[in-house]
Amino acid sequence: MTQSIIRRRSLLGAGAALAATTLAGCAGMSSSPSIGRVVVVGGGYGGATAARYLKLWGGNVEVTLVERNADFVSCPISNLVLGGFKQMSDITRSYDGLKAVGVKVVRGEARAIDVAGKKLRLADGSDLPYDRLVLSPGIDFMTEQIGGLAAALDSGRVLHSWKAGPQTVELRKQIVDMRDGGVFALFIPKAPYRCPPGPYERACMVAAYLKTAKPKSKVLVLDGNAEITSKKGLFEKAFKDHYSGIIEYRPNAELKELSGNVAKLEFEDVRADVLNVIPPQRAGDLARSAGLLNMNNRWVGVDWLTMESTAAPNVHVLGDATFPAPAMPKSGHMANQQAKVAAAAIIQLLKGEAVNTTPVVMNTCYSFVTARDAMHVASVHQYDAKDKTFKAVPGSGGVSVAANQIEGRYALGWADNIWADTLAL
Amino acid sequence: MTTPLRRVAASTLLLGLAGLAQAQDANLARNLAATCANCHGTHGQARGDMKPLAGLSAEKIVAMLADYKSGAQPATIMHQISKGYTDEQLQLVAAFFAAQPAKK
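Protein chains in written order, with my numbering: chain A, 1 to 425; chain B, 1 to 104.
Mixed in with the good hints there might be a few duds.
[Unchecked claim] Among the chain A residues that face chain B by a calculated CB cut under 8 Å, a handful are:
{"no.": "1", "residue": "R68"}
{"no.": "2", "residue": "L153"}
{"no.": "3", "residue": "G156"}
{"no.": "4", "residue": "S259"}
{"no.": "5", "residue": "P359"}
{"no.": "6", "residue": "V380"}
{"no.": "7", "residue": "G395"}
{"no.": "8", "residue": "S396"}
{"no.": "9", "residue": "Q405"}
{"no.": "10", "residue": "I406"}
{"no.": "11", "residue": "W414"}
{"no.": "12", "residue": "D416"}
{"no.": "13", "residue": "N417"}
[To be verified] Partial pick of chain B residues on the chain A-facing surface, computed with a CB cut under 8 Å:
{"no.": "14", "residue": "D25"}
{"no.": "15", "residue": "L28"}
{"no.": "16", "residue": "A34"}
{"no.": "17", "residue": "A37"}
{"no.": "18", "residue": "H40"}
{"no.": "19", "residue": "A46"}
{"no.": "20", "residue": "R47"}
{"no.": "21", "residue": "S70"}
{"no.": "22", "residue": "Q73"}
{"no.": "23", "residue": "T76"}
I should point out that these hints are in silico values taken from the structure, not numbers from a laboratory. Built from N, CA and C at the ideal position, the CB exists for glycine as well.
Work out the full structure: start from the sequences and follow the hints.
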């Protein structure tokens, strides 16, 4: 008898707890007090994941995401759009999932950070106060390093297409409009840059299209680096096996100046029908204007336990904008992983609790070499308390044995899952 | 196979996990499991062709990971990733996914 009363009471208690949970889960409408305000700038892989996981793990954290674009457009898989194997709709996702889990999504442009006053100023003049600010500003370009590049990009004649979106559509059009027998020249900056294997995947995707659509054409890969910077053996094999006579690869071919459709290298001039220049990169403009570029005047240094900037308190920086730990790539996958470290730490900090001292991040990056065959590089990074940085675990990680169709399916499966994880789809 | 992780899977898994869970940060398993979500879905609730982990028994997940780690089970990528985590971390990950509902 006594037992059954206790059981009934605990069941009632469980019912009440469930009801409370359901209310709390309803778009942040909980009646219990907020533990803090977090403003996130940038709705790419880093920022969107941070916003999502702050809500998932944080309960009553007020989260506002500031993003300039209406939709999320993925850089990973965007090279397949250039090859004509995917459409823009395949790589575009909405922010509705984040809104449904209680993130306030503000379409706008962040203009300045008041670090002392803990406020973010938007371009429309409004201020967003915060307890913690998360910046995932991505990369912007150091166009001043290449003569004529800024004007060529401004005119739209030369495209970078290194941020997926309208430039992806425009570059696809340039490729489709190119004459058979034309030259598509792809310029790769010196490392570090966003997505190390991305340029070589792009060469493969453009070549895959030209091989059947305009078979007399060439893809000229002019690499500012001394060699292929990621998955080298696998890309060399792909160039040889699939695109012999189409892709021509030249190392140590740094672009110095653009003039019309002539690209000047150190010792030669290159003429091409389509010039696709991936410019040298640094952390995004907002990080620069806020004075956060304390690493080589180019990247943001962070405390890897919290992702907090070493240049500004209460400002956490994610993704490609950060000065990386050893062997840590600038990838969307890594930005998503860093965002989870930041979200967990910010929640602990808002509660006045100790942060996790043993975080782990990992990276998986698939590259397509044909419309269906892909290959990967993977790594796992554990936090090293002595050196206060992430270190790749010896003996872990690596690359594919060979590109194949199974990994092609995994690559698309990866995309579906990371988009859902990042955007709460 | 008689790797340490495999032995854990075969015998004292649950006791071992309970001990670990008490010893560690309460969020550690959650945080570690979140590193898998990019391919295996949030909370292990995977989409499409990717392998779901939510709702599998912890013993089964530990056994799979042990076989990837030892090389007994050939893989495209998991043999490389599993080696990046300690056996204790993999046990925490397995326990976390085992406790998740299989599908949203």
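### Query
Of the hints stated earlier, which fail here?
1, 2, 3, 4, 9, 21 and 22
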